[in-house]
Each structure stands twice: as structure tokens, then as C-alpha cells.
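Protein chains: 6
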Amino acid sequence: MHMIVRDVLEAIHRLAPSYMKYDWDNEGLLCGTMTQPVTKILVALDPFPHVCREAKEKGADLLVTHHPLIFQAPKSVTDKDMTGKSILFLAANGIAAVNAHTNLDCCHGGVNDVLARVLGLAEITVPSPIGTDEGGHPYGLLRAGLTNKQPLSQFLDVVKERLGTPVLRYADGGRPVHRVAVGGGSCGDCYEEALEAGCDTLVTADVKYNQFWEAQTLGLNLIDAGHFYTENPVCRVLAESLRQKLPGVEILLSESHKDCMKFA
Amino acid sequence: MHMIVRDVLEAIHRLAPSYMKYDWDNEGLLCGTMTQPVTKILVALDPFPHVCREAKEKGADLLVTHHPLIFQAPKSVTDKDMTGKSILFLAANGIAAVNAHTNLDCCHGGVNDVLARVLGLAEITVPSPIGTDEGGHPYGLLRAGLTNKQPLSQFLDVVKERLGTPVLRYADGGRPVHRVAVGGGSCGDCYEEALEAGCDTLVTADVKYNQFWEAQTLGLNLIDAGHFYTENPVCRVLAESLRQKLPGVEILLSESHKDCMKFA
Amino acid sequence: MHMIVRDVLEAIHRLAPSYMKYDWDNEGLLCGTMTQPVTKILVALDPFPHVCREAKEKGADLLVTHHPLIFQAPKSVTDKDMTGKSILFLAANGIAAVNAHTNLDCCHGGVNDVLARVLGLAEITVPSPIGTDEGGHPYGLLRAGLTNKQPLSQFLDVVKERLGTPVLRYADGGRPVHRVAVGGGSCGDCYEEALEAGCDTLVTADVKYNQFWEAQTLGLNLIDAGHFYTENPVCRVLAESLRQKLPGVEILLSESHKDCMKFA
Amino acid sequence: MHMIVRDVLEAIHRLAPSYMKYDWDNEGLLCGTMTQPVTKILVALDPFPHVCREAKEKGADLLVTHHPLIFQAPKSVTDKDMTGKSILFLAANGIAAVNAHTNLDCCHGGVNDVLARVLGLAEITVPSPIGTDEGGHPYGLLRAGLTNKQPLSQFLDVVKERLGTPVLRYADGGRPVHRVAVGGGSCGDCYEEALEAGCDTLVTADVKYNQFWEAQTLGLNLIDAGHFYTENPVCRVLAESLRQKLPGVEILLSESHKDCMKFA
Amino acid sequence: MHMIVRDVLEAIHRLAPSYMKYDWDNEGLLCGTMTQPVTKILVALDPFPHVCREAKEKGADLLVTHHPLIFQAPKSVTDKDMTGKSILFLAANGIAAVNAHTNLDCCHGGVNDVLARVLGLAEITVPSPIGTDEGGHPYGLLRAGLTNKQPLSQFLDVVKERLGTPVLRYADGGRPVHRVAVGGGSCGDCYEEALEAGCDTLVTADVKYNQFWEAQTLGLNLIDAGHFYTENPVCRVLAESLRQKLPGVEILLSESHKDCMKFA
Amino acid sequence: MHMIVRDVLEAIHRLAPSYMKYDWDNEGLLCGTMTQPVTKILVALDPFPHVCREAKEKGADLLVTHHPLIFQAPKSVTDKDMTGKSILFLAANGIAAVNAHTNLDCCHGGVNDVLARVLGLAEITVPSPIGTDEGGHPYGLLRAGLTNKQPLSQFLDVVKERLGTPVLRYADGGRPVHRVAVGGGSCGDCYEEALEAGCDTLVTADVKYNQFWEAQTLGLNLIDAGHFYTENPVCRVLAESLRQKLPGVEILLSESHKDCMKFA
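Chains as they are written, first to last, in the working numbering: chain A, 215 to 478; chain B, 215 to 478; chain C, 215 to 478; chain D, 215 to 478; chain E, 215 to 478; chain F, 215 to 478.
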């Protein structure tokens, strides 16, 4: 059975339906042709230039990512920005690019369910659902779940060990950790949602100065565990899901993509 | 002297400075790399897919057009629309794309000066200038000029013969032709400007039903001479200008690009 | 039974209910008094000044049109634009003006059903409905239907002959004509809708340069058969509908209103 | 010398130049034809239906007012609102309508200079100018000036007597009256401007509940002397100005226009 | 049973649910702490500085008003405006502020039901409902009801006597009073709604010049009975409602708050 | 000489004039009364609740900060957010709050000049000025300057040691450090400005995932040295400036305010 890009996109949408994405978001086929044959797929968190090069080196004809190749719609496609570099390279090498972004964040079994499971949370719920799927299950960005009541310092060790983040940034809300909200990527502005859901701790990334202070003042532990480290775990799950749905297509996981952010 | 894309863009901007473009417009390097070497340029009105193919067939490494490759900033680059098709083809074949749009419409010696001259107008002015260039000369979209006073039917023959438009569409304002405003492309909504400039006739394209009626009611002859036919004459002038400014670069004029609109 | 303007408007709304109009549109009583007696109606496509004069000459006290007398809400009512001229004339002569615009485009039996029938299409559907009427039938702008499979050139002859358009403008999508979408007036930006509905051909008007190229590139035959010629057929149907609903009122069809756009 | 509407408009603009109006405002010829002959003008504060009738009864061919005939651009011209009633009547009777609104408020010798003079203020200034006229004089909405220091109760008597307002509404800011700001019509939101200009008292109209309280709290006497009574004095001045500039044209002042607001 | 602010707010919301407010409005706890104990409440129409002082003098720990303490969200909290003065005083004295604004206007038994009853109207309805409450009853701003058919002059006496307004402002629509719409506060732009509901008279406040004229022209009696006088009656009802729902809390009605607007 | 809040604000504005702030920003007196006497000032980066408590404990009557007490204009002043907590505390204790935000970032001798000097940069310029001060000097957000050419790792040590940031986050652009741009606080989106100014390195804070990647891809070293650590150095300079301008007023530097963000 010969696969084309459309088949892959349909497989992705069975996991992360298109209607679950936020209005401002971009997902689906963002570069290439819907009817292009697909024999080898590279799965990665981002469609950055070095990942595009890896796709070419490994002979992939399709790149499947979480983050969209195009976020701000571009007025030009040139090497003066990262998006232009990637599009020029992909097009020059006939590699298509497909992604699932906030639909993969929100869906059952997506970014945030994976993150909650990796952190060992139990009784996982969707604290502020934005809709209900065909099976009647709520979906939405955050997940909340229970861990054994423990001091914050102990939970920080758990996060570092499970996610592999070299250094965590955090604000201490002054409470032990028991009910934890998670939001992979940039959910630092969800501190009120986390509190309203009865959580004492929020794990996310890209947290800003004011968000740390607001959280600490309101008594919430706020942990920045890195955008890459909180979201990358979904790639393995996404790759496995595609392997099962697309027999005959080789599914590779990116080996070159690591976080570029270092600590000193 | 080895030329790169930046040199070509600077040559274009000496004719049609970037600051003359409208705010909503797009011009400059829209696809490729600023430092890419340039040995052969194809000049055409549009960066449509068949023109991109002609560029490849003729070995051009740069496509210079009037219309921008990207107008509405795209959320994806795929074959489901004309812009995506062109970008994918250009990037796949390493051909850069540069353009000058409303800056070429407005500048001295650009689209509308060429159109006015082709139509044989005398005492050409800029009836509604939007600025003044470094030399103190006004620039703007429309041009107005004089022709020998003649019946509309006679002037229609002139327009057809000079521009090569197979069939003209027009509304008869009931006055002989003497003072003519021209605006290549879609300037059908400039009928008030033309009247305020004392013109009896406006030559433009893409004219809509209401604009024909409004013009006729207000006593203006309004002639739709075709978007392609009113703007394409600038290509020869633009090519010649580049030839003089870029010695050593081969400058070709598109042979494949004709109007796709037919009459029956 | 003495009729007033309100009775006529209600008769129009039974054919083309007010809720079927687009949000940005204008319809209903746009000039005059709701309680004014009506004995003679002139039906025309447009409320342009020469049509208003015809109404006066024929002794009509009400003008019923498809296009609205007021589209862009005016800051003044003067003779410096066509709308002002018409309002001043109608008010000076005590003639009211009523219209049904996009509600008449979208309704069952309106502009586009008439257009599809005049072109001889079979199995007419509403390809992209925007709502459902009280009878549970979908309504919307476009209509799609089948014709005998034929070369484009043959279908162009059919269109010219049936609609009376002196000259057609078109782009050849490279496919024979079999499934045709129609949209009277300015529906040139509906080429994607037509393609998604499985059509090979779209008949509309006021088509712009880019729309011709986009259609041709995507393989759609796009025919500009004139705004007037694609919409005027509804007038006869509208007049007949009013005759049946308003016994005792004389219903005239405009004889003066022809397209002002000519070809050379 | 035969006058046309354009001559009258130019005469008005010599007093109240068009560039002095606010961006959102409407002024000039709002109904009729610029080249219509003018032999008799009715000057009034408003172009309301009963004033239009007075114009007809007195044989005026032009109505000159302060308030614009059209403020909110109308989607229809019918008898279901006051603007529609007036336009229908004027057009039916061939009477043109011209006005000067915020340009007459702001200009030297306009609404607010007249109001300040009627109230007997001395050393009149423009406290918050919005521009400078050709003569280098500032212009703007409010005027400020001095009166003999007096108790508020005494100044209320002056206002009533000079303007003829049957009943004043006011808030007592707790200070004697010495430096007074005036703004004819609806300037109740200018209380901060008045305070910053060092005024103890503001005379205007259409004052709202919150504005009374805000003024009283901040120590400003705020007097609502009626929209009609604060602006109508300009009509006599405007009429006189036209008489001098338009010899041979009969200039009448409205006798029918009184405030419709009564007190009980 | 010790009460806190949250208990009071819930009691208010049982009368005037939060979902009944308009989108642009502000209601609830606008100053202070939700868990602050409450033993004494001052109820008043407005949270103006003198009312805040009365609250302090009487030992109240909570101020309950109709109008919101914060309407336009402030960029600063200082004594240069009334809102800042009130917030600084309340915070300095530990007095919380809670309000119900358009939810109290719209709810069953709120501002406008009270106003209609005080004016003795019968068969009270909600002429233009904006929603339906849990009991299936419509809610909305205006109320309409019947009074004995009477001359306007007689009804004016009724309004003055029942509401205590020192002076009414009104426009005479030329019809006797029989079916009356009421809208406490600033509902002068509801004249069309009142007419469409079949009313001959509208009682409201803060009426502007144009609204008086529009109403008179369209045949509606429009009465401005004062913002304070049309809304203040709800305070007594609100206080009584809180007394019943909050046993053990002392509920005082403001004695200092009178209208600051005077007549001369 | 007795000082009031206005005197302090004028002293601040001599250093950081109000006109240098961005349009969206907030600065000046944000809580309290302009005429309140001032004897003791606490200077701190932020007006957070613990800083307000420190002000009270130390007997300060005025809090002077860089960040504004109010950023998003609040619809309520309660303890459910940090801003509300601070306002309630300040007002309850009669402490005024004044700040200089982007005007202090942009001015000569402000946040970014101090940051550049602390990092030992030489030949400091304003790479993208937004205006010119009275002395003809450009002002703007960023500063750029030279350091001895050195490996990135060495410069990271300098930054940590000079600013005291416990842990830096950074992306390695692959170039040695020589020309450095600095922007205290959240200037992560200025990477293009830094590159256009010829810089190889940008020091700022609150950097997001995409900004690290974009910088690295374009060859810029991007260092997040902490919002607190990059901006707090200005406080000492601001305090010293006030000491010189306000003799007789005691100026304290906050001792309680440390970054709440920790690393693990």
C-alpha cells in the first residue's frame, strides 16, 4: 500500500483532530504537496533548519513536528529568518512538512497527557476543558493530577530526573507539592487556572519575571522545566502512533534535535 | 564583476525606490538569498508557475517581476494555491525572486509613465501625488496627459492598437477624448481622482460593474484595457534599465507570459 | 384592496426572506415611506438615475430592484455621486425604492437559481449553503449543476446565446465542461468553493486578473459573462412573482436599463 | 450677481474653515446640488423637519445650519427617523442643506466666542487649542474668560437671563465664580480641561449624572444651560456674516425653531 | 453565624445573578478582600467619596452599591479623580465595596421593576429581553406597563410626586399617556425600542438634545426624571432583600446620598 | 524645605523625562496624592507586596520603583492578584507609589546605560534610538558597546560575576564576543535589532524558546541574565540621583527585594 502525505495527515488527525486546535494556531500540511508519496518520516519537536538537514541526510520525504513550520505568516521566504531558511531547504529537497500543534497539546494522549504521565501523576484530569471530543471526553490545554505529598525540593528532583532538564527555574509558593498542573511549552500565564483547579504546583516553561512573582504571591509553586524538555516526550509517542497506523512507512525519531538553550 | 541578488535589488531601487511603495504592498527579495550570485535574470510581469518554469528552462538564477510573489502572507506553502506552487518550484530550483510593485507604479519612468507614453500622451503630470522624490519631483499612482481631441471611438482604436488588447470594455461618458488619466492594473476606483484632475477619460483595468456606471453617470469615459496589457509594457523598460546598470548580467524578457484571459 | 409599500415588501420577503441576506448587505425600504400607497411598480436590476427617470415617466410610485440604492452609507446626498443623484430624484418625485439583494441571490428561486436554469443546468444544488430555510432547504450564494459534457468552446456559445452577453472573458482551465457552478454578479473569488464542489467551470462576472490566473492554474474554467447579463434574468421572475402576489398593482419591467459596459 | 450654493459654502468657510472640524464630524453641502442658484437662505441651529417646513413656507432655496443634517451615515432615507424625514422633505422641495459644525464651534467668532461674549466674559482665551489658523491664532473648542468674582447663585441668574434658559441644572463645586470655561452643546466631559485651565466654572449642556458628580468632587461648578440655549446665539451672528458676504441674497433667521425640551 | 464578603455577594447574586450583566459592565467585589468579615453594611446608589465617609462614620465594613466603584479601568489610583479618591479612602479604612449594576437593572425585582412599580404601572412586561433566567422568565433592561390613559401633564405630576424629582425635563410627543416604558439611568437611546413595544411614553434620565428631538418627531413622550431619582428607589428594596438573606448583619441605608444636581 | 510627592516626581523626570516612555507604558504617580508630604523614600525595582511592607516597616511615605504598580488597568482592587494586594496595602498605610519605567530604560544614565557600564562596555551607543532629548542626544531602549574580544564562555563568567545572576541561560551563536547589545528586562525579541547594529551578543532576560533558536540560527549569542539582575543595578543610581536632588529627604534602598526565581 503506497502512502501519500494525505494518509499521514489523516493518521495524525485520528490522534489529534484538527478541530481541537486554537483559532490562532496553524497545523496540517504547511510545506509541500498533499499527494506526494511518503516512505520515510522524521518525527521531531521542531522544523528548524538542522532538523530539516537531518531529514535529508536520513532520506526522509516527510517531516512531522509539533511546532508549526509557519507561525507568523511570512511576507517573504528568504534566509534572513529561521522560517525562510527551513522552507527554502525543504522545498529544495522535496521534503514535505506536516505538524500538529495545539491540537496535539489538547488531545487525549497528546503533549500534556504524556507530560503528566512522565511526571508520574495519578488521577489525571483536564482542569479547564475547551470542548468535548466525539467520545464525550473533555479536551483542553492543561492537565492536573496527584503525586505523593512531598516537599517542593523533592518534587524538583523528580522533575529534573524524569524530564532531563539540566537546570530548573522556579518560584516557591510556600506549600508542599500534592496536586500538580502541567502545561508543556509556554503556559506561564495559566497560574490562575491552576489555582482555581486546586493545584499547589504548576510545571511549564518560558516563564516570565512577573509570572514567577504573581505565582509566589498567590501561593503557587511555579516550575519552569524548559520548553523543549516538557514537550519533547510527545515525539516518541507520536512516532509510535504513526508506526501503528502507517504500516510500510519507516518512522524515525530525530537524533539531532536537542535544546539549544544552555546553562552557565 | 560578480553580481549578487543585493546588487540587482539596489539597481531596481535606483529606478523605483522602496519608499515609494504603498504601506500594504510587498516588494524586494521575496524568495531566496540576498547573497546568491546572479548571472542571468528573467524579467516578467508576474511570478506565476509557467514563468518560473521558463526561468528554469532558460537557466536564469533570478526572476524579476512587477507583481509580488507573495501578496497575502501565506499560512502554508503548498500546491493548493498559485503562490505555493511558485515558491515550491523556485526554491526547488534555486531561483530567487525579486519585485517592485507599487514603487514601480509610482516612480518616474515606471509602469504609468510607460503606459502614458505608449498611449502617446503629451504634457504628462502626476495628478494626485503621494510624495516627492529626492529630486523634488512628485510621484504617485496615476498619470494624466493630453491627446488630440477626438471622438471616443477613435481613441479606443488607438488604445487597442498601441497596447494590443484584443477586446476593450468601456463606458461612454458622453464626451470627446482630450485629457486622459491612466492607471495600469486595477485603478477603477480612481474615477473621482480622474475627474478632479480635469480628465474626460480614464484608462485602467479590472473595472467593476458599479465603476462603469458611476463613471458614465459622472461623465467620464472609462476604458478597461486589460491588467496585463496596461502593465506589461513596463517590463521592456525595466529590462533595459537593468541591462544598463548590471553589465555582465544577461537580462531576458519573458516570452512565455501572455494574458490567460481570452475573449469569446 | 389598496396596497402600500409595506405590502410589497412583505411580498418580496415571501420570496427572498430578509434573514437570508449577508450581514454587510442592505435591503428593504431604502427610500420613502412604508405607508405610501402603491399602484404601479417598476422592476429593474438597479436603481440608477436613468431607471429612476423611467419610473417617473411611466408613473410608477415604487421602484423594486435587486441592487440596493444605498450600499456604502453616505455622508451626504448630493449630485456628486450616483447614489445621491438617485435619492434626490426619487425623493423629489415621491417614488419609493425597495430592494432584495443577497437575500434574492441566496433564496430558492432567486438570482442564482434563475441563472442556473437559464443556462440549462440539471440536478441543481447549493454547494456551500449558509443556512436552512423554514422548509428545511439549504440556501446560499452559488448553485452547481450538470450539463452535457462538452468542450469549453461549445459551452461558451451556450452562455453567450442564453444570456445575451456580447463578449465573454474567460480563462481556460484545460478541462471539458460538465459540472458548472454559477454565481451572478461578482463571485470571482469563489473559485476554491467551485473546485471543492467538484465543478470544472464557474460562470460569474467582474472577474479580476489574479482570479483568472488562479483558476487556470488550479484547472478551473472561469467565465466572466457580465454582471448585468448574469443577474438581469431574475427581474422577469421577480416581476412575475409580484404580479401574482399583488393583484391590482401594475408591475412593469424596466425597458431603459441595459448594460452601460460596451466592447470594442 | 447670481449666487449658487458653492458661493454660500465659500462664504461660510471664510468664517469657519473646513480644516477646523473634527475628524469624526460632517459639514458642507449635505443635501442638494453645488450649482443650484440661491436667492433666499434660512439660517437655523438644526435641520429638523419643522425647520425644513419653515424653509419651504418662506420660499428659501437653501437651509444653513450649525448641526449637520447627516451625522450617523444612514443605511436608508425613510420616515422612520428624523434625518430621513428631513432629507425626503428637502429633496422633495428642492431645498439644499449646508452646515458648519465643529468648524463653527472652534473658529474665531463662532459658537463659543459668541457664547462667551453673550455671558459677558472678558479676556477670552482658547484654553486647549487644537491648531493654529492662517493668521497664527489658536483655535479650539472651549473658551475661557473672566467675570467679576461672584457667588454661584448670582452667576446662575446671569446665565439664565442672558441665554434665556428656563431652568438650569447645575452642580455646586463650592467655589465662587471668577474664571469661566464655556463649551456650547455637549462638553460635559471637558471638566478636567476646564480645571487645568484654572477655571472654577464650566457652562455647557447635555451633562450626565457622573459628570455632575465628578465636577463637584473636584471643586468645579458645572452648569447645564441647555444645548439649544448655549448654541443658538451663533445663528444671528452667522446670518449677519452671510448678509455681509452675500449681497443680493435674502438671509432669514428661523422663527419656528425653539427648544423642544420643556420643564415641569 | 459569622458572615464574610463572599456571603454577601452570593446573597446579592441570588437577586441579581452575575450572568445578567452586560459584557462591558463591572460588578462584584471591586475593592477589598473576599474573606473579610462583615457585620455592618451600608447600601447606597453610588460609591462616591461622601458615601464612603458615611460608611466609615457609621462603622460599616462593607459598602453595597448599584453603580460600580470602577467603571473605566484606571491607570492610577490617586486623588485626581473621583474613583481614585473613593478607592484610597475605602482601602485606608478597611471597607470593602461590592456592587450589582446592569444585573440589578435587568433582573426580576431590580431597578426597573421597582421603578415601574413606584410609578404604579400595571401588567409589567420586559419589552426587549436579552435572556431567560433559570425559572424561564425573560430578563432585560426596560420595563413596560399600563397606566390609566391621561394627559401628559397629569402623568408628569405623578412622576414628580412618586420619584421626588424637583424638576422634570421632557419632550411632548403629542399623545396621551397610556403605555409607558421605563429605564432607570441613561436609557435615552431606547426611544425606538419603546416605540416598537407600543409605548407612547418613556421615562428615563440623562437624555440628550437629539434624543428629545428624535422622540418628539416620532411621537413619543420622553421624560427625563433624573438619574438619581429613577434608580435610587432600588436601594431600599436591595437593603430589605439583604436583611432577609443575611440575619445578624446590620443593613443601613445611606442617609447622606442625595442628588448633587440642582435646578435654578 | 518640605517636600511633597510632586517634587519627587519632578526630580525623577529630570533624570527620566516622561516623554521618553513608550505609548503603552505607565509611569508617574500611580497611587496616592500629589500633595502628600514626603520625608522618607524607599527605592526598589518593584512595588510588590513584600516591598510595600518593607516601606511601612521603615517608615517611608513614598515608594519609588522602576516597574509600575499598575500595568494592565484593573477592573477591581482586591487580594486576588498581586497588584490589588499592593494597592490595598499602600492605601491602608498612606504610602504613595511613583515609578519611571520605559522612560528610565531609555534615558541617558538609566537602566540600560547602567547595565552597559556594569558589564564594562566601552564606546556605548544607542543602536536604535526612538527620539532625541533636549540636548540633542538620541535615546532609546538598547545600548551597544565594545568589550575585549573573548570567547563566549569567558564573557558568561563576566556577566555572572558582575550582575550576580546565579545561573545564566544562553544560546551560542558560534561567534566570539566583541560587540555587545544590552537590554535589561524582556528584550528577547530585539535579536534582529542587535544583529543590524553589528553586535555578536545580546544580554537580556525573559528569553523564550523560539528567540533562543532564532538567535542561534542567525549567529547571535543570546544571554538571559535574569530580569531582576539586569535591571536592579539602576536602583542604586536612581537612589543616589534622588539624594542629590532632594536634600532633607531620606532615601533608602530596598533590602528585602531579591529575585524570587530560584534555580535547581
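Hints are supplied without guarantee of correctness; some may be wrong.
For chains that are exact copies, the list does not tell them apart, and a pair is met inside one copy or across any two.
Unchecked claim - Cross-link-like lysine-lysine pairs, in silico, BS3-like; alpha carbons within 25 angstroms at most: (1) K294 - K374; (2) K289 - K272; (3) K270 - K472; (4) K299 - K254; (5) K270 - K363; (6) K272 - K459; (7) K299 - K459; (8) K476 - K299; (9) K363 - K472; (10) K374 - K476; (11) K476 - K363; (12) K459 - K289; (13) K270 - K374; (14) K294 - K254; (15) K270 - K294; (16) K289 - K299; (17) K459 - K270; (18) K374 - K254; (19) K299 - K270; (20) K254 - K459; (21) K472 - K272; (22) K363 - K289; (23) K270 - K254; (24) K254 - K363; (25) K472 - K294; (26) K289 - K476.
It is worth saying that the hints were derived from the structure and are not from the lab.
Hints, verified against the model:
no.	hint	in the structure
1	K294 - K374	neither (36 angstroms within a copy, 31 angstroms between copies)
2	K289 - K272	neither (31 angstroms within a copy, 27 angstroms between copies)
3	K270 - K472	within (18 angstroms within a copy, 38 angstroms between copies)
4	K299 - K254	both (22 angstroms within a copy, 23 angstroms between copies)
5	K270 - K363	neither (47 angstroms within a copy, 36 angstroms between copies)
6	K272 - K459	within (21 angstroms within a copy, 44 angstroms between copies)
7	K299 - K459	neither (31 angstroms within a copy, 30 angstroms between copies)
8	K476 - K299	within (23 angstroms within a copy, 36 angstroms between copies)
9	K363 - K472	neither (32 angstroms within a copy, 28 angstroms between copies)
10	K374 - K476	both (15 angstroms within a copy, 14 angstroms between copies)
11	K476 - K363	between (31 angstroms within a copy, 21 angstroms between copies)
12	K459 - K289	neither (36 angstroms within a copy, 27 angstroms between copies)
13	K270 - K374	neither (33 angstroms within a copy, 40 angstroms between copies)
14	K294 - K254	between (30 angstroms within a copy, 23 angstroms between copies)
15	K270 - K294	both (21 angstroms within a copy, 24 angstroms between copies)
16	K289 - K299	both (14 angstroms within a copy, 16 angstroms between copies)
17	K459 - K270	within (23 angstroms within a copy, 39 angstroms between copies)
18	K374 - K254	neither (33 angstroms within a copy, 45 angstroms between copies)
19	K299 - K270	both (14 angstroms within a copy, 21 angstroms between copies)
20	K254 - K459	within (14 angstroms within a copy, 48 angstroms between copies)
21	K472 - K272	within (17 angstroms within a copy, 42 angstroms between copies)
22	K363 - K289	neither (51 angstroms within a copy, 36 angstroms between copies)
23	K270 - K254	within (10 angstroms within a copy, 29 angstroms between copies)
24	K254 - K363	neither (45 angstroms within a copy, 41 angstroms between copies)
25	K472 - K294	within (23 angstroms within a copy, 33 angstroms between copies)
26	K289 - K476	neither (32 angstroms within a copy, 31 angstroms between copies)
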